[in-house]
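Trainee: From first to last, the protein sequence lines stand for chains A and B. Per the numbering used here, the first sequence starts with residue 382, numbered consecutively. Per the numbering used here, the second sequence starts with residue 382, numbered consecutively.
Just so you know, not all the hints are guaranteed correct.
Chain copies aren't distinguished; within one or between two, either way the pair holds.
Here are the simulated EDC-like pairs of lysine to aspartate or glutamate, each with C-alpha atoms no more than 20 angstroms apart in a straight line [to be verified]:
{"hint": "1", "residue 1": "K794", "residue 2": "D596"}
{"hint": "2", "residue 1": "K522", "residue 2": "E589"}
{"hint": "3", "residue 1": "K701", "residue 2": "E415"}
{"hint": "4", "residue 1": "K746", "residue 2": "D698"}
{"hint": "5", "residue 1": "K701", "residue 2": "D596"}
{"hint": "6", "residue 1": "K701", "residue 2": "E589"}
{"hint": "7", "residue 1": "K701", "residue 2": "D395"}
{"hint": "8", "residue 1": "K827", "residue 2": "E574"}
{"hint": "9", "residue 1": "K497", "residue 2": "D393"}
{"hint": "10", "residue 1": "K701", "residue 2": "E541"}
{"hint": "11", "residue 1": "K628", "residue 2": "E640"}
{"hint": "12", "residue 1": "K522", "residue 2": "D740"}
{"hint": "13", "residue 1": "K746", "residue 2": "D636"}
{"hint": "14", "residue 1": "K794", "residue 2": "E556"}
{"hint": "15", "residue 1": "K701", "residue 2": "D475"}
{"hint": "16", "residue 1": "K827", "residue 2": "D626"}
{"hint": "17", "residue 1": "K794", "residue 2": "D662"}
{"hint": "18", "residue 1": "K794", "residue 2": "D494"}
{"hint": "19", "residue 1": "K434", "residue 2": "E574"}
{"hint": "20", "residue 1": "K794", "residue 2": "D650"}
{"hint": "21", "residue 1": "K746", "residue 2": "D624"}
{"hint": "22", "residue 1": "K522", "residue 2": "D721"}
For the record, the hints were derived by calculation from the structure and aren't laboratory data.
There are 2 protein chains.
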Amino acid sequence: MSDLDAVLARIDADLDSSLERLNQLLRIPSVSTEAAHVADCRHAAEWLATDLKAIGFDAAVRDTEGHPMVVGHDHQTRGPRALFYGHYDVQPVDPLNLWDHSPFEPRIETRPDGTKMIRARGSSDDKGQLMTFVEACRAWKAVTGSLPIPVTIFLEGEEEAGGRSMAPFLDANREELTADIALVCDTTMWNAETPAITYSLRGMAAGEITIRAADRDLHSGHYGSAARNPIALLASILADMRDADGKVTLPGFYDGVPETPAEIRAMWDALGFQPSEFLGDIGLSQPAGEADRSVLEQTWARPTAEINGFIGGYTGDGFKTVIPAEASAKISFRLVGDQDPDAIWAAFEEFVRARLPADCEADIKAHHGAQAISLPLDSPMLRKAAAALSREWDREAAIIGAGGSIPVVGEFKRRLGMDTLLVGFALESDNIHSPNEKYELRSFHKGIRSWARILASLAE
Amino acid sequence: MSDLDAVLARIDADLDSSLERLNQLLRIPSVSTEAAHVADCRHAAEWLATDLKAIGFDAAVRDTEGHPMVVGHDHQTRGPRALFYGHYDVQPVDPLNLWDHSPFEPRIETRPDGTKMIRARGSSDDKGQLMTFVEACRAWKAVTGSLPIPVTIFLEGEEEAGGRSMAPFLDANREELTADIALVCDTTMWNAETPAITYSLRGMAAGEITIRAADRDLHSGHYGSAARNPIALLASILADMRDADGKVTLPGFYDGVPETPAEIRAMWDALGFQPSEFLGDIGLSQPAGEADRSVLEQTWARPTAEINGFIGGYTGDGFKTVIPAEASAKISFRLVGDQDPDAIWAAFEEFVRARLPADCEADIKAHHGAQAISLPLDSPMLRKAAAALSREWDREAAIIGAGGSIPVVGEFKRRLGMDTLLVGFALESDNIHSPNEKYELRSFHKGIRSWARILASLAE
Numbered sequence: 382m383s384d385l386d387a388v389l390a391r392i393d394a395d396l397d398s399s400l401e402r403l404n405q406l407l408r409i410p411s412v413s414t415e416a417a418h419v420a421d422c423r424h425a426a427e428w429l430a431t432d433l434k435a436i437g438f439d440a441a442v443r444d445t446e447g448h449p450m451v452v453g454h455d456h457q458t459r460g461p462r463a464l465f466y467g468h469y470d471v472q473p474v475d476p477l478n479l480w481d482h483s484p485f486e487p488r489i490e491t492r493p494d495g496t497k498m499i500r501a502r503g504s505s506d507d508k509g510q511l512m513t514f515v516e517a518c519r520a521w522k523a524v525t526g527s528l529p530i531p532v533t534i535f536l537e538g539e540e541e542a543g544g545r546s547m548a549p550f551l552d553a554n555r556e557e558l559t560a561d562i563a564l565v566c567d568t569t570m571w572n573a574e575t576p577a578i579t580y581s582l583r584g585m586a587a588g589e590i591t592i593r594a595a596d597r598d599l600h601s602g603h604y605g606s607a608a609r610n611p612i613a614l615l616a617s618i619l620a621d622m623r624d625a626d627g628k629v630t631l632p633g634f635y636d637g638v639p640e641t642p643a644e645i646r647a648m649w650d651a652l653g654f655q656p657s658e659f660l661g662d663i664g665l666s667q668p669a670g671e672a673d674r675s676v677l678e679q680t681w682a683r684p685t686a687e688i689n690g691f692i693g694g695y696t697g698d699g700f701k702t703v704i705p706a707e708a709s710a711k712i713s714f715r716l717v718g719d720q721d722p723d724a725i726w727a728a729f730e731e732f733v734r735a736r737l738p739a740d741c742e743a744d745i746k747a748h749h750g751a752q753a754i755s756l757p758l759d760s761p762m763l764r765k766a767a768a769a770l771s772r773e774w775d776r777e778a779a780i781i782g783a784g785g786s787i788p789v790v791g792e793f794k795r796r797l798g799m800d801t802l803l804v805g806f807a808l809e810s811d812n813i814h815s816p817n818e819k820y821e822l823r824s825f826h827k828g829i830r831s832w833a834r835i836l837a838s839l840a841e
Numbered sequence: 382m383s384d385l386d387a388v389l390a391r392i393d394a395d396l397d398s399s400l401e402r403l404n405q406l407l408r409i410p411s412v413s414t415e416a417a418h419v420a421d422c423r424h425a426a427e428w429l430a431t432d433l434k435a436i437g438f439d440a441a442v443r444d445t446e447g448h449p450m451v452v453g454h455d456h457q458t459r460g461p462r463a464l465f466y467g468h469y470d471v472q473p474v475d476p477l478n479l480w481d482h483s484p485f486e487p488r489i490e491t492r493p494d495g496t497k498m499i500r501a502r503g504s505s506d507d508k509g510q511l512m513t514f515v516e517a518c519r520a521w522k523a524v525t526g527s528l529p530i531p532v533t534i535f536l537e538g539e540e541e542a543g544g545r546s547m548a549p550f551l552d553a554n555r556e557e558l559t560a561d562i563a564l565v566c567d568t569t570m571w572n573a574e575t576p577a578i579t580y581s582l583r584g585m586a587a588g589e590i591t592i593r594a595a596d597r598d599l600h601s602g603h604y605g606s607a608a609r610n611p612i613a614l615l616a617s618i619l620a621d622m623r624d625a626d627g628k629v630t631l632p633g634f635y636d637g638v639p640e641t642p643a644e645i646r647a648m649w650d651a652l653g654f655q656p657s658e659f660l661g662d663i664g665l666s667q668p669a670g671e672a673d674r675s676v677l678e679q680t681w682a683r684p685t686a687e688i689n690g691f692i693g694g695y696t697g698d699g700f701k702t703v704i705p706a707e708a709s710a711k712i713s714f715r716l717v718g719d720q721d722p723d724a725i726w727a728a729f730e731e732f733v734r735a736r737l738p739a740d741c742e743a744d745i746k747a748h749h750g751a752q753a754i755s756l757p758l759d760s761p762m763l764r765k766a767a768a769a770l771s772r773e774w775d776r777e778a779a780i781i782g783a784g785g786s787i788p789v790v791g792e793f794k795r796r797l798g799m800d801t802l803l804v805g806f807a808l809e810s811d812n813i814h815s816p817n818e819k820y821e822l823r824s825f826h827k828g829i830r831s832w833a834r835i836l837a838s839l840a841e
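In isolation and in its complexed conformation, chain A is listed as follows (with noise of 0.2 angstroms):
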């Protein structure tokens, strides 16, 4: 029997017992954003170190001026050293009355057809999957007594709350952080059958635009056509973003977006991907991007331009005939490849002042920005864990996109310049910051596997 087969096998036996531990850590209501909880939260990371240390990591509570962080490394000299970054804080859990039990009980629910999960706030985002890696480096330990690799296990708590600690404490902790890959457990297979590596996850330039016109609110009546409508100049404004087609109207903006490898497009083709399902489910039938872009390419690997907010004038019951003195929206630019935020943003504000009328100003700030981030498709580390999770899952890794940003991704790019391997085991099913939240008892089960066998691949 080799030592990964033995490592499984151990997984298999000791499945009570991660649950059990699972059960603990999940007992714990470390929501990040209620004061209420701040001991809580506390709490959650000193279980965490505690834990860390009884399988042997050399662990500790590491004070912020927000929620504690986790560290914990393990001795272990030999290969490539793996970053493992997983959060210990959930959402709240409003609205309570929604969930059919105590979110913070969490329970086994068996299926008609036998399968299993588990339900608690923060069974799936993210303590679920942060112990699938936890409970793989146990059994490596029990079994062998050491890891395939070296590794530092790194816990925060304040993912769900804005995170403002992550970037001094990468900034101070530098060297003793830094790693040749990051691992992080914190998104979703491709379905219940198909395990998946995310390889990119779009950027971001976010920020708002106010525009004023009169010094006061107006009557439409006295003023009305004279006077400029902020709500219409800003509204003609955004409109001009897109054109017909789809395409964002930015000069400059495509620069740096590149065309997906055939290889990556192969790969989304056979996916099996239903535009009609995924928009389906949303009550939407129509895809509204670029028009030559499938619904993939559209979310996964093309950028975009989103009115996330937008207010100006009398919004409330009945009538109001007001010319406002402002309008303002809030704007979001998702970013992909070579795309500069900093770029983005400043083409935006030329855009938008180009279109100003004189007696018009637009206040214009960008909140934050983050550039796309992509693992190299040819990265030894990408194939070797993309063959283990095919392994384990008896059936080939999707190699995916997301539309989304992972914010933590970009700081370990950023100030540690470490590129993040991106394996979970969530189903976009889980409930995830709703009521209800679950993990099936499967994801859990073969997620612990998977690293078992991720680990091992990365040391070959």
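With chain A's structure known, arrange chain B on it following the hints.
Mentor: For chain B alone, coordinates are given in the frame of chain A:
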């Protein structure tokens, strides 16, 4: 000495008493929108009915579902009958801390140049204005025992509160209230030296639109660009409503829009209107309406489409990368000439539906509509009133338009078939609806004299 001269002399001699009566009325806090002032509104109505009886009118307080009306008839029978309309209710006084004194304790203030003004809520809108007519009638009755023409005085108490009682009251008392002409004193002079008759009021078609796309709020990372953004869609449709030259693009929108008669255009040219001042007063410098029309035409004689409110997505502090399920706007069209409010609203609906992707819905609700009003320029009553005003103010009366609507004038036309002569002595600087409302003592005094002259000239 002619009757008129005697009446004018009486008005001059009686000015202090006239002021004292106005002050009595101003001391009654008849704020129609506030439940706490229901009894005060009735008190104001009773005070007025009593005063009209004292002059010799057959007057009574008339109950409605809301605040009462006051109707008083004079029994003179020679000549055309006039229905004088005014409102005894006033706007709320908030924010009270911006008033220099108590809003219901009227004060006479004298400027360094000796001119005087009456400060109180309602001093201009509309108690001061309506009392100019009442005092003119009082003087005629005192000097000659009768009025030059038959007069009905009709005062309401819901003008500042949306006025639900007006329509059923007009319908129920059609015969009693229908006259040859309605006289309304609720408008402004052209400037402090130049009296004005407002001969046209723009109409209105107003309502709201909600566009629904996905069946829930979406994360813009996961769905951005592929899922329709209802904010962007609504912004784009509304932006389409006006072209680069400021023209409204709804098909058929300009049907029934008359060209401004050359005679009126010449008069307006002679008014010395300064677009740069008009716009400069509100912090603007560039006219925003139809490029080939003057600012006066834009606001008085041309129709327009305005967005009075817009809301969608996240509009709080910070940022939320949401694609909302819906976005809404409030829209109003100001109408002129024979534009039909129902047809305009139908054209708007069709315009929206033609631009709506198959998987989105638009909920479009008409809120209220009113046809534009204008008094025929060759109306003998208009000519007579203008001549009387010109004699009193020693300055040719301006025949002006107004960009806004006065709903009761539309109701008089629609329900009673009655045209309205709008003569007012307010100034733009009167702070109506604002703290420190005032009415020029000169407006009050010469307003009374003006009505005395108009009554005489309408009898000719």
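Trainee: Would you mind marking each hint as holding or not holding in the structure?
Mentor: Results of checking the hints against the structure:
no., hint, verdict
1, K794 <-> D596, "neither (45 angstroms within a copy, 36 angstroms between copies)"
2, K522 <-> E589, "neither (50 angstroms within a copy, 66 angstroms between copies)"
3, K701 <-> E415, "between (38 angstroms within a copy, 18 angstroms between copies)"
4, K746 <-> D698, "between (30 angstroms within a copy, 13 angstroms between copies)"
5, K701 <-> D596, "within (18 angstroms within a copy, 29 angstroms between copies)"
6, K701 <-> E589, "between (25 angstroms within a copy, 11 angstroms between copies)"
7, K701 <-> D395, "neither (67 angstroms within a copy, 41 angstroms between copies)"
8, K827 <-> E574, "within (11 angstroms within a copy, 89 angstroms between copies)"
9, K497 <-> D393, "within (15 angstroms within a copy, 95 angstroms between copies)"
10, K701 <-> E541, "between (39 angstroms within a copy, 13 angstroms between copies)"
11, K628 <-> E640, "within (15 angstroms within a copy, 42 angstroms between copies)"
12, K522 <-> D740, "neither (70 angstroms within a copy, 55 angstroms between copies)"
13, K746 <-> D636, "neither (22 angstroms within a copy, 43 angstroms between copies)"
14, K794 <-> E556, "within (14 angstroms within a copy, 83 angstroms between copies)"
15, K701 <-> D475, "between (35 angstroms within a copy, 18 angstroms between copies)"
16, K827 <-> D626, "neither (43 angstroms within a copy, 64 angstroms between copies)"
17, K794 <-> D662, "neither (34 angstroms within a copy, 53 angstroms between copies)"
18, K794 <-> D494, "neither (43 angstroms within a copy, 73 angstroms between copies)"
19, K434 <-> E574, "neither (34 angstroms within a copy, 90 angstroms between copies)"
20, K794 <-> D650, "neither (29 angstroms within a copy, 68 angstroms between copies)"
21, K746 <-> D624, "neither (24 angstroms within a copy, 29 angstroms between copies)"
22, K522 <-> D721, "neither (43 angstroms within a copy, 82 angstroms between copies)"
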